[in-house]
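Asks: Here's the letter readout for the chains.
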Amino acid sequence: MKNVYDVIVIGAGPAGMASALTAREKGSSVLIIEREDRPGGILNQCIHDGFGLVKFNEKLTGPEYADRYVRWIDEAGIEILTSTFLLELIKDEDEFRMKLVSAEKGVFSLRGKAVVVSTGCRERSDRQIFIHGDRPAGIFTAGQAQAFINRMGYMPGRRAVILGSGDIGLIMARRLTLEGAEVEGVYEIQSRPSGLQRNISQCLNDFSIPLHLGRTVSRVIGKGRIEAVEVVSVDERMNPVKGTEAIVPCDCLILSVGLIPEIDILKDLPVVKDGKTGGIVTDDRMESPQVPGLFSCGNAHHVYDLVDYVSESGEIAGSAASEFAREAAI
Amino acid sequence: MKNMTCIVCPKGCSLQIEEKESGFEVRGALCPRGERYALQEMTDPRRTLQTTIRTAIPGCRRAAVRTSKEVPLGEIFSYMDAIKGVILEEKKECGSVLARGLCGSDVDLILTERLY
Ligand SMILES: Cc1cc2nc3c(=O)[nH]c(=O)nc-3n(C[C@H](O)[C@H](O)[C@H](O)COP(=O)(O)OP(=O)(O)OC[C@H]3O[C@@H](n4cnc5c(N)ncnc54)[C@H](O)[C@@H]3O)c2cc1C
Ligand code: SF4
Numbered sequence: 000m001k002n003v004y005d006v007i008v009i010g011a012g013p014a015g016m017a018s019a020l021t022a023r024e025k026g027s028s029v030l031i032i033e034r035e036d037r038p039g040g041i042l043n044q045c046i047h048d049g050f051g052l053v054k055f056n057e058k059l060t061g062p063e064y065a066d067r068y069v070r071w072i073d074e075a076g077i078e079i080l081t082s083t084f085l086l087e088l089i090k091d092e093d094e095f096r097m098k099l100v101s102a103e104k105g106v107f108s109l110r111g112k113a114v115v116v117s118t119g120c121r122e123r124s125d126r127q128i129f130i131h132g133d134r135p136a137g138i139f140t141a142g143q144a145q146a147f148i149n150r151m152g153y154m155p156g157r158r159a160v161i162l163g164s165g166d167i168g169l170i171m172a173r174r175l176t177l178e179g180a181e182v183e184g185v186y187e188i189q190s191r192p193s194g195l196q197r198n199i200s201q202c203l204n205d206f207s208i209p210l211h212l213g214r215t216v217s218r219v220i221g222k223g224r225i226e227a228v229e230v231v232s233v234d235e236r237m238n239p240v241k242g243t244e245a246i247v248p249c250d251c252l253i254l255s256v257g258l259i260p261e262i263d264i265l266k267d268l269p270v271v272k273d274g275k276t277g278g279i280v281t282d283d284r285m286e287s288p289q290v291p292g293l294f295s296c297g298n299a300h301h302v303y304d305l306v307d308y309v310s311e312s313g314e315i316a317g318s319a320a321s322e323f324a325r326e327a328a329i
Numbered sequence: 000m001k002n003m004t005c006i007v008c009p010k011g012c013s014l015q016i017e018e019k020e021s022g023f024e025v026r027g028a029l030c031p032r033g034e035r036y037a038l039q040e041m042t043d044p045r046r047t048l049q050t051t052i053r054t055a056i057p058g059c060r061r062a063a064v065r066t067s068k069e070v071p072l073g074e075i076f077s078y079m080d081a082i083k084g085v086i087l088e089e090k091k092e093c094g095s096v097l098a099r100g101l102c103g104s105d106v107d108l109i110l111t112e113r114l115y
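Protein chains in written order, with numbering that gives the first Met the number 0: chain A, 0 to 329; chain B, 0 to 115.
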């Protein structure tokens with residue numbers, strides 16, 4: 000391992016891997032930093048298929064899509080530092096300096112001419128959507144539930160209520176059903192589902208799971224463990240309609256209420272946050288106008304529906320980062 | 000007339016299927032795959048199936064798998080039961096066949112992840 004790289008990529012999800020490959024192809028020295036013990040990002044827990052339809056014209060599962068890129072990364076000889084967390088990122092004149100930590104190396108530092116931030120996104124949680132009532136065990140985000148079932152083999156519950164009709168929630172409705180749980184229904188406060196129509200069809204309709212539109216969870220009930228939720232209909236202005244309340248017994252509540260780009264790591268840089276996407280403002284080469292040499296792609300830039308476009312954004316960022324590093328060298 | 004969403008690609012076209020003397024007539028598909036899907040769906044609906052299995056590999060609790068072909072929608076839970084009995088005993092390459100002829104069919108079980 001060297002101390003200085005042309006391009007350092009933060010996050011080895013599909014965005015980060017695509018940008019590293021492109022930067023390497025263009026002749027840059029590249030290093031990828033990943034906090035998990037393996038590359039692949041969120042794809043590793045998305046065991047369902049539907050990835051790569053646009054890019055490869057094939058119906059791959061998440062881990063298969065990741066495997067393809069990991070193989071290319073290996074072939075290109077690109078270094079990945081796994082189980083390594085980026086703690087601090089600053090720009091010092093013409094260079095980025097980063098402080099990292101890993102069990103193996105302890106705290107250490109690296110320098111890069113260009114940095115690609117492909118740290119993905121995180122899920123909105125119950126703290127952020129203002130449900131009233133108790134805070135017992137048994138409330139999960141859909142991604143958490145997905146990690147529990149698919150990676151660890153634990154069921155989050157036997158009788159689930161799903162709040163929000165995002166794609167991950169729909170996919171988890173099917174996954175829970177296949178594993179023998181009962182999904183009481185999916186509740187969506189809006190009058191239209193937010194997930195793809197194909198997921199309504201293959202995840203809900205195939206298993207006769209009801210979708211309740213214009214209805215939301217208003218209260219969580221349970222001491223210690225969740226026992227039920229209160230659901231209620233809302234009017235056009237999203238206010239609860241009196242008299243439409245119902246108590247739904249359940250032992251877990253799964254939230255699929257949106258994703259937010261994960262960019263905490265940029266707090267020490269003068270980047271401008273995009274109020275709409277939650278990511279940072281960039282030009283069409285995915286570069287921050289305020290911090291030259293800083294690129295952002297994938298879900299860290301804005302939340303994408305399809306992994307194919309995530310990889311594409313990585314390629315754009317990787318190519319531009321490589322060019323930036325080359326020019327910086329002259 | 001029957002309405003359905005094509006699930007073959009993310010576009011999710013709304014299809015209308017009408018039974019005519021000459022057979023089914025499909026409208027609303029942006030590409031030929033949609034028509035094929037609708038005809039299959041009317042006669043013998045099938046789905047791909049992905050799940051995880053237990054492993055005997057230390058540090059690896061579950062391994063992701065899928066069926067090699069689509070399976071009949073009405074038999075999905077029988078396939079789930081058959082797959083539950085499969086245990087991955089040792090590390091294999093992503094894409095390896097882990098079991099053949101699930102539920103007496105010609106459908107195999109495929110490993111879909113790289114094991115570390
Ligand atoms: C549950 C779910 C289901 C989906 N289903 C589909 C689907 O069916 N079809 C489809 O096409 N798309 C789907 N998508 C969308 C697509 O898979 C994702 O948008 C895509 O994988 C995001 O890639 P990414 O590289 O931007 O982020 P991620 O895959 O999240 O990768 C980010 C990586 O950065 C690492 N990281 C973060 N912070 C740090 C740090 N400080 N230091 C070091 N490393 C860090 C993380 O550990 C992670 O590995 C789904 C997404 C989700 C969440
Ligand atoms: S008809 Fe073609 S374009 Fe439309 S959803 Fe089906 S596969 Fe996609």
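By construction, these hints were calculated from the structure, which means they are not laboratory data.
The structure displayed is predicted, hence computed values, not measured ones.
Even glycine gets a Cβ: it sits at the ideal position worked out from N, Cα and C.
Mixed in with the good hints there might be a few duds.
[Claimed, not checked] Capping the alpha-carbon separation at 20 Å, the derived lysine-lysine pairs in PhoX-like fashion look like this:
1) A/K1 / A/K104
2) A/K58 / B/K10
3) A/K1 / A/K58
4) A/K58 / B/K83
5) B/K1 / A/K54
[As the list claims (entries may be wrong)] Covered by chain B, according to a simulated footprint, are these stretches of chain A (three or more residues, beta-carbon under 8 Å):
6) 5–12
7) 42–56
8) 63–72
9) 150–162
10) 190–197
Asks: Against this structure, judge whether each hint is valid.
Replies: A quick look at each hint next to the structure:
| no. | hint | result |
| --- | --- | --- |
| 1 | A/K1 / A/K104 | holds, 14 Å |
| 2 | A/K58 / B/K10 | holds, 14 Å |
| 3 | A/K1 / A/K58 | violated, 38 Å |
| 4 | A/K58 / B/K83 | violated, 23 Å |
| 5 | B/K1 / A/K54 | violated, 32 Å |
| 6 | 5–12 | violated (count 0) |
| 7 | 42–56 | holds (count 7) |
| 8 | 63–72 | holds (count 4) |
| 9 | 150–162 | holds (count 3) |
| 10 | 190–197 | holds (count 3) |
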